[in-house]
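Trainee: Chain residues, written in single-letter form:
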Amino acid sequence: MAWLNNSILEDMGYFSDIYQGIKSLLTGMSITGKYFLNFRKGSITQQYPENRETLKMFERFRGEVIMPHDENNEHRCTGCQACEIACPNGTIEIIWDRQLDEESGKKKKMIDKHIYRLGMCTMCGLCIEACPTDAIKWGQNFENSVYDRKYLDRILNKPGSKLMKGVEDKE
Amino acid sequence: MEPIVVNNNFKSEEYFINMGPQHPATHGVLRLLLTIDGEIIKKVEPDLGYIHRSIEKMCERDSYQQIVHLTDRMDYLSSNINNEAVCLAIENALQLEVPERVKVIRTIIGELTRIASHTLWWGVMGMDVGAFTTFFYGFRDREMINDIFEETCGARLTMNYNMPGGLMFDIHPNFIKRTKEFVAHFKTKLPEYDALLTNNIIFQHRTKGVGILTKEDAISFGASGPVGRASGYSCDVRVHHPYSALDKVKFKEAMRTTGDTFARYEVRIEEMWESLSIIEQLIDNIPEGDYKVATNAVIKLPKGEFYQRVETARGELGVYIISTGTKNAHRVKFRSPGFSNLSLLNHISVGSKIGDLVAIMATLDLVIPDIDR
Ligand code: SF4
Ligand code: SF4
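Those protein sequences? They're chains D and P, same order as listed. In this text, residue positions in the first sequence follow our numbering: the first is 1, and each later residue adds one. In this text, residue positions in the second sequence follow our numbering: the first is 1, and each later residue adds one.
These aren't lab readings, by the way, just hints derived from the structure by calculation. One or more of the hints may lead you astray.
What the hints assert, rightly or not - The calculated lysine-lysine pairs, modelled on DSSO-like cross-linking and capped at a C-alpha distance of 27 Å, are:
1. Lys-56/D / Lys-215/P
2. Lys-41/D / Lys-177/P
3. Lys-162/D / Lys-137/D
4. Lys-41/D / Lys-189/P
5. Lys-113/D / Lys-162/D
6. Lys-41/D / Lys-180/P
7. Lys-137/D / Lys-113/D
8. Lys-180/P / Lys-34/D
9. Lys-41/D / Lys-57/P
10. Lys-180/P / Lys-56/D
11. Lys-23/D / Lys-187/P
12. Lys-137/D / Lys-189/P
13. Lys-165/D / Lys-106/D
14. Lys-34/D / Lys-187/P
15. Lys-34/D / Lys-189/P
16. Lys-23/D / Lys-189/P
17. Lys-208/P / Lys-23/D
18. Lys-43/P / Lys-215/P
All values reported here derive from a predicted model rather than from experimental measurement.
With these hints in hand, go ahead and build the complete structure from the sequences.
Mentor: Take a look at the structure:
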């Protein structure tokens, strides 16, 4: 008789498992069902790119390094190379020159090209932290896909741009 | 009468099979060489190196400020805690006392990181054992933390928000409000996690009694984090060697004694509750003060060896720096939790089925770049 009892007990376990299984299935479905019925309230997904107009990134968002220019096409970069030294992976390259400063009549270090290779940038923020004159900052653009990686190499200072007056070269 | 010869056509043979490096259940480029007999696992040999980037070697080349951002890329789900570990090691070496404000902010952000990591783990764990809903629910709650990070640190995953001497910038004015919102929100969601997955009988059958790790083995394999604690091994660095503001808060170390997959699961769920309580204790008492102390532009550590351990979401991370007094480290070694936890995979999964192996791996919570570095 013992074998019979055992198998009956096992069968009972089998049925109680089915019962428990259905019960926990219904518990789970009651939660998902609640969200399903209130789908308008708790919606967290966004319709990108349809919402491009209204989509705004946070002000500190690290999209890419940019160099702001004012309306006279002037920037604040003195060419001190602090950002180049701070960068861990050689993303930034400063090509500088000594040019005659009209006011003092002396030769002064001037930036020629501020090369920024977005494809190599790890968005660590050390360059912006290092810049003594706040010449570079984070841009919010995150749509950076291009067809060839050479387009990711950027020259941050605009052509013909000059150093803003009053920004001291702290070198 | 002649004896009946049973011709066994179903005789099985051992064979090899590759799991990974592109298998979804390995969560990254981990390759497991399985020796199996039918469905039964005879041996598991992890094959590493698919995402090795020689971070330790790069640390010898970079300045101390630059090392920090490399650790983002080890265990990317605990990036803030990794950053903190390196910064603490450097600050200890320089005998630099950071302001109280920095300590508290670091701890809050560290616990938020832990919750974010555990919610992701919970979602993926459910998916590994066949419950797809959890994946979305876990990511929904993690999204709120990611928004907090994005607003304050500027990035969602690789923050690089800590730096030797403090933080890169102060917390965003919305930080406290958003964090409180999250804590209130998440307290209503954690019971849902239990109803959806923890109490599900199918899930319990998949996890209870599977992959049992004894306390002795946990210690001898160097298990740490939730994996060690589920076996009754009290190994929380936050309790035994508190750092930052963790000595000011009260929390319970989440512990289980069964050591099976379900225990590891429960430990992580409980840890989320404890992290919430740590955040609640600190969020109203962020002291005023500076967010960093000035360091030299070129940091030179004194000659010697420095070690700092922290508790990441996966276990104990150790940072070991040997300095010869120059501006670069002579040698940097990371003791990563994932590597030690992976080492016991073979031990606990032999004899179980392939499906069990997936469940075991899910609760080991491996992050492969942390193992390979
Ligand atoms: S963000 Fe980091 S990696 Fe990028 S350019 Fe600046 S320093 Fe270099
Ligand atoms: S001024 Fe700023 S952006 Fe220009 S070279 Fe110096 S650190 Fe770089």
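Trainee: The structure should be examined with respect to each hint, and the outcome stated for every one.
Mentor: Hints and how they fare:
Between the alpha carbons of Lys-56/D and Lys-215/P the distance comes to roughly 50 Å, so the proposed pair goes past 27 Å and is violated. Between Lys-41/D and Lys-177/P, the direct Cα distance comes to roughly 21 Å. Compliance with the 27 Å bound is thereby established for this hinted pair. Under the criterion of a C-alpha separation no larger than 27 Å, the hint pairing Lys-162/D with Lys-137/D is consistent with the structure, at around 18 Å. In summary, the hint linking Lys-41/D to Lys-189/P is supported, as the alpha carbons are separated by about 16 Å, within the 27 Å threshold.
For the suggested pair Lys-113/D and Lys-162/D, the alpha carbons sit about 11 Å apart, so the restraint of at most 27 Å is met. A hinted pair counts as satisfied when its Cα atoms are at most 27 Å apart, and Lys-41/D with Lys-180/P qualifies at roughly 21 Å. A hinted pair counts as satisfied when its Cα atoms are at most 27 Å apart, and Lys-137/D with Lys-113/D qualifies at roughly 17 Å. For a cut-off of 27 Å, the pair hint linking Lys-180/P to Lys-34/D stands: about 25 Å separates their Cα positions.
For the given pair, Lys-41/D sits about 50 Å from Lys-57/P by alpha-carbon distance, which is inconsistent with the 27 Å threshold. Of the pairs offered as hints, the one joining Lys-180/P and Lys-56/D holds, with about 23 Å between alpha carbons and a cut-off of 27 Å not exceeded. Between Lys-23/D and Lys-187/P the alpha-carbon distance is near 24 Å, which keeps this suggested pair within the 27 Å criterion. For a cut-off of 27 Å, the pair hint linking Lys-137/D to Lys-189/P is broken: about 38 Å separates their Cα positions.
Using a Cα cut-off of 27 Å, the hinted pair Lys-165/D and Lys-106/D holds, with the two alpha carbons roughly 16 Å apart. Taking the CA atoms of Lys-34/D and Lys-187/P, the gap is near 18 Å; set against the 27 Å cutoff, the hint holds. For a cut-off of 27 Å, the pair hint linking Lys-34/D to Lys-189/P stands: about 13 Å separates their Cα positions. Our distance criterion of 27 Å between C-alpha atoms is met by Lys-23/D and Lys-189/P, whose separation comes to about 20 Å.
A hinted pair counts as satisfied when its Cα atoms are at most 27 Å apart, and Lys-208/P with Lys-23/D qualifies at roughly 19 Å. Restraint check for Lys-43/P and Lys-215/P: the C-alpha separation of about 22 Å stays at or below 27 Å, so the hint holds.
In this structure, the hints that do not hold are numbers 1, 9, 12, in rising order.
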